[in-house]
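J.: Sequence:
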Amino acid sequence: MAVENYCFRSGHLTAVPPQIDHERLLLTLGILAVLVVAYSIVIVQQILLGVFVVLVLGLVYLFFVLLQLLDRIATALEAIAEQRRE
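Quick note on numbering: the sequence shown equals residues 3 to 88 in this note's numbering.
Simulated from the structure, these hints should not be mistaken for lab results. It cannot be assumed that every hint is accurate.
As the list claims (entries may be wrong) - The calculated label-pair distances, taken between Cβ atoms and stated as ranges, are:
id, residue 1, residue 2, range
1, A81, T30, 28 to 34 Å
2, I82, H24, 21 to 27 Å
3, L34, R74, 23 to 29 Å
Virtual Cβ for every residue (Gly too), placed ideally from N, Cα, C.
Taking the hints into account, I'd like the entire structure generated from these sequences.
T.: Next up, the structure:
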């Protein structure tokens with residue numbers, strides 16, 4: 003059974019998208035990056051593997067930031083459209 007969050011906005015219920023906790027995401031990706039770089043240097047002895055994975059993790063973080071930014075823009079545009087209707 004899925005549990006969804008709802009908020010009362012402009013006279014009707016709307017689903018609230020989950021918010022990204024930036025500190026937790028950045029900390030998790032940072033720890034993962036350090037572990038991968040340590041593994042690539044100590045075990046595999048190829049630093050490019052670690053650099054590649056760190057770049058991919060950075061791109062994943064930037065993708066999530068972009069998604070949240072687009073969500074904020076869409077919410078602001080909806081609010082502007084709602085104000086113009088009134």
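J.: Now, for every hint given, state plainly whether the structure supports it.
T.: Right, here's what the structure says about each hint:
1. A81 x T30: 28 to 34 Å: holds (32 Å)
2. I82 x H24: 21 to 27 Å: The hinted range 21 to 27 Å holds for I82 and H24, with Cβ atoms some 26 Å apart.
3. L34 x R74: 23 to 29 Å: For R74 against L34, whose Cβ atoms are near 26 Å apart, the range 23 to 29 Å holds.
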